[in-house]
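*Asks:* This is what each chain is made of:
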Amino acid sequence: MGILNVNDITVGMVLAKAAMNKNGTVILGPGSTLTDKHITSFKTWGVTEVDIQGIDSDQLLKEAMDALSSDVVESIEKELGELFPSVEANPVMEEIYKIVKKMHLKQAVNQTSGATDAVTKDS
Amino acid sequence: MQNEQALIDPNDLESIVRKLSFLEESNSALISIQNKLDRLSRFQSEKLLSYDVQHILQTWLVRFRELVKIEVCSVFLVEEGGIEFIHEISEPEELAPDIQKEVEAQIALGNFGQAISNGAPLNVRTEVFRKESNRSLNIMIAPLSNMERIIGAAAIVFEEDKEFIRQQTLKLLHVLVDFFALSLENAYLYDDLKSAYFYTIKAITNSIEARDPYTRGHSGRVAQFSKVIATELDWGKDRIALIDWGGMLHDVGKIGIPDFILNKPTKLTADEYRQIQLHPSIGAQIVKDISFLTSSTPYIFEHHERFDGKGYPTGLGEKDISIEGRLLAVADSFDAMTSDRPYRKALRAEDALDELLRNEGTQFDPEVVQAFRRAWMSGKIKISW
Amino acid sequence: MPSQKIHRIINSMGELPTLPTIYMKLSHLLNESEPSIKTISGIISEDLAIAAMVLKIVNSAAYGFRNKIGDLQHAIVILGLKEIRNLVLASSIYKIVKEFESSSAFNMQEFWKHSIGCATLARVLAETTHLKSPEDVFTAGLLHDIGKLIHAGHLHEEFDAVMADVAETGSQMSKSEKKILGFDHAQTGGALADKWGLPRETVNMITHHHLSYTPNALTKEMAAIHIGNTLCIALGLGSGGEKRVPLINQNAWEILGLRLSDLEYVMQRSSKLFEDSVSIMDFE
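Chains as they are written, first to last, in our numbering: chain P, 1 to 123; chain X, 124 to 508; chain L, 509 to 792.
Hints are not guaranteed to be accurate.
Unchecked claim - DSBU-like, lysine-lysine: derived pairs with alpha carbons at most 30 Å apart:
| id | chain 1 | residue 1 | chain 2 | residue 2 |
| --- | --- | --- | --- | --- |
| 1 | L | 686 | L | 728 |
| 2 | L | 533 | L | 606 |
| 3 | L | 686 | P | 62 |
| 4 | X | 294 | L | 686 |
| 5 | X | 254 | P | 102 |
| 6 | P | 78 | L | 683 |
| 7 | L | 780 | X | 254 |
| 8 | X | 505 | X | 442 |
| 9 | L | 780 | X | 224 |
Please keep in mind that the hints were generated in silico from the structure rather than gathered at the bench.
All of these numbers come straight from a predicted model, not from anything done at the bench.
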């Protein structure tokens with residue numbers, strides 16, 4: 001089970017713990033299977049992360065990487081490896097690393113599929 | 124060189140010039156804000172007479188408009204214990220679908236969630252709204268909450284133009300939104316209160332009718348008939364609402380009447396009859412201290428009075444009886460006649476109508492009876508067996 | 509404390525970039541009760557380049573006014589003195605940066621972008637954690653690495669040595685600077701800001717943006733700059749010459765009080781705002 005950012009969850013996942021926002025408002029109880037509506041509700045109420053059964057964020061990153069050619073992934077990992085110091089045992093730095101990696105992977109995916117990424121290039 | 128006779132001190136002159144310069148230059152900006160505040164303060168002193176949620180929403184949308192050039196202003200509400208923010212109203216209405224799309228985009232970006240969980244308004248550029256027009260629009264997402272929970276969110280799309288005095292306007296907007304949330308909260312509390320009373324009273328009425336099966340549903344039907352007659356007489360919304368209550372409650376006094384009298388299949392003794400005749404004043408007693416029902420007290424008190432003054436409890440006649448009392452009398456009698464009783468079977472509707480007409484001027488007010496007849500003729504009176 | 513030493517060095521440098529007097533004059537005006545708008549716009553117009561920059565920013569998509577604001581006085585009335593003063597500061601820094609020449613190891617355009625990136629991230633962090641004045645945090649963010657310019661411009665040899673050391677060892681610039689110069693760019697920048705007469709809080713935000721040790725009075729604003737700087741390097745928004753992402757001081761993280769799960773939102777939002785800002789204030 002793993003804690004995922006709300007932007008990474010998909011329909012069908014199951015909550016390991018109740019989904020709450022920073023005020024402690026419970027949006028959905030544990031054991032619920034997520035639907036599209038649920039995910040929108042999380043975002044609506046400011047839930048930023050949820051505890052999902054049976055999946056963790058490393059696995060998700062792995063799946064994203066599988067979608068790209070190994071060269072691209074390698075070069076991203078190399079670049080980030082040089083940029084980031086060892087982040088083990090430091091949850092904040094680890095999180096930053098994950099987010100940056102995710103953003104790079106996303107950008108690479110968008111570039112290969114020809115789509116424009118709202119976050120990076122064009123305004 | 125100081126001239127003793129100089130009218131103006133050279134030092135003073137400089138500051139006067141500075142003052143004039145300042146006044147002249149900031150004049151247009153100040154006038155703009157002044158006007159807005161003026162209009163807003165007039166709104167504030169208007170006591171908001173309505174506890175009607177729709178009316179409140181409309182009024183506040185107008186107030187927001189006084190302050191900023193709004194493209195659209197919307198309110199989304201979420202029920203107690205609910206999750207979904209449901210679009211309630213937009214002004215102008217035609218832009219409702221657009222603002223909903225915009226809010227969806229803001230939810231996806233996480234901005235909406237930030238505003239809600241922070242409990243504070245958030246101001247960002249619009250994502251999808253009017254993107255084709257090349258104008259830069261802002262959206263303010265403001266959570267609306269009462270003491271206990273978040274009741275919804277206001278979304279206001281506005282444009283910054285040359286008249287927009289940024290910081291002050293945004294601050295004023297925040298303040299307005301807070302007041303707006305309070306108004307809404309009051310209206311909901313009032314609604315809740317009314318509901319609470321309604322259900323309590325309905326419980327009492329049900330318990331009366333439970334004891335006296337022959338009159339089950341009687342109050343509901345009297346309320347219905349009353350509303351039809353009142354509509355026929357062209358009464359306003361508020362008066363029709365009151366007569367609705369009057370109909371529901373007219374027999375509430377019967378809770379003070381013992382079972383054996385209420386359900387006696389045979390003729391009542393004089394003494395027993397006198398007891399039954401107490402129910403209008405018992406009913407009035409019950410209702411008079413409930414604030415929003417006080418005005419319906421006379422109708423309950425008077426529903427057994429007769430046009431010719433031979434009714435009870437007071438023996439009022441003709442125009443001395445409130446019109447509502449006269450109306451209820453007709454509605455009450457009609458339903459009584461068309462229902463089975465312990466002592467006789469129901470009359471046919473046509474025969475009951477004939478009875479009403481026969482007693483025009485004596486038991487009943489002719490004006491009311493005629494209104495009833497008109498409603499009957501146009502098929503508005505429905506009896507279901 | 510090396511601060512005395514740094515002040516001496518700074519004072520001996522001569523020909524340091526001065527924060528244009530217009531910024532200082534405007535700051536003084538803020539305390540007056542009836543500042544004449546004519547006077548304010550007159551002061552700004554003393555430096556045409558800055559006046560032009562302010563108008564350019566005001567008319568850009570970032571502000572979104574529908575009709576073009578053609579004159580400075582109007583801009584002052586609409587935005588208010590405080591915001592105008594921040595715009596003047598940004599324009600002034602931009603002007604200063606442009607006067608420096610890029611070297612192979614240190615590119616001015618990238619430096620400028622890094623400053624904007626850090627300022628933007630710090631401001632979004634401040635807004636998300638409800639700090640009192642996000643604009644002040646933004647200003648400090650713009651200035652946080654100004655010390656590097658001083659080193660690049662006035663201590664060329666040492667600066668080149670620092671950059672070479674960084675390339676070789678992969679350490680933080682601050683560490684190499686301490687080794688080679690005896691002080692780092694945060695301290696230099698802080699001293700300069702102090703010399704310019706900027707408020708104490710701003711000076712502190714600049715001086716302590718590395719937080720290699722935790723000072724006694726660590727404020728949320730200082731934490732915001734520190735974390736903003738790290739995030740900026742991690743995201744690669746411009747470059748201040750660092751080759752590696754610095755570690756975040758744990759105390760700073762706790763004091764700021766941002767939730768880990770909000771990081772993604774902050775980083776996404778800032779990246780977007782960064783793109784907008786850079787498009788207005790790009791190098792011509």
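*Asks:* Decide, hint by hint, whether the structure agrees.
*Replies:* For each hint, the structure was consulted:
1. Restraint check for residue 686 (chain L) and residue 728 (chain L): satisfied, since their Cα atoms lie roughly 26 Å apart, inside the 30 Å limit.
2. Distance hint between residue 533 (chain L) and residue 606 (chain L) is fulfilled; the C-alpha atoms sit about 23 Å from each other, no more than 30 Å.
3. Under the criterion of a C-alpha separation no larger than 30 Å, the hint pairing residue 686 (chain L) with residue 62 (chain P) is inconsistent with the structure, at around 41 Å.
4. For the given pair, residue 294 (chain X) sits about 46 Å from residue 686 (chain L) by alpha-carbon distance, which is inconsistent with the 30 Å threshold.
5. Proximity of residue 254 (chain X) to residue 102 (chain P) is assessed by CA-CA distance (about 28 Å); at most 30 Å being required, the pair is judged to hold.
6. Between the alpha carbons of residue 78 (chain P) and residue 683 (chain L) the distance comes to roughly 24 Å, so the proposed pair stays at or under 30 Å and holds.
7. For the hint linking residue 780 (chain L) to residue 254 (chain X), the alpha-carbon distance of about 17 Å falls within 30 Å, and the restraint holds.
8. Annotation: proposed proximity of residue 505 (chain X) to residue 442 (chain X) holds, straight-line Cα distance about 29 Å (limit 30 Å).
9. Distance restraint check for residue 780 (chain L) and residue 224 (chain X): the Cα-Cα separation of roughly 20 Å lies within the 30 Å cut-off, and the hinted pair is therefore satisfied.
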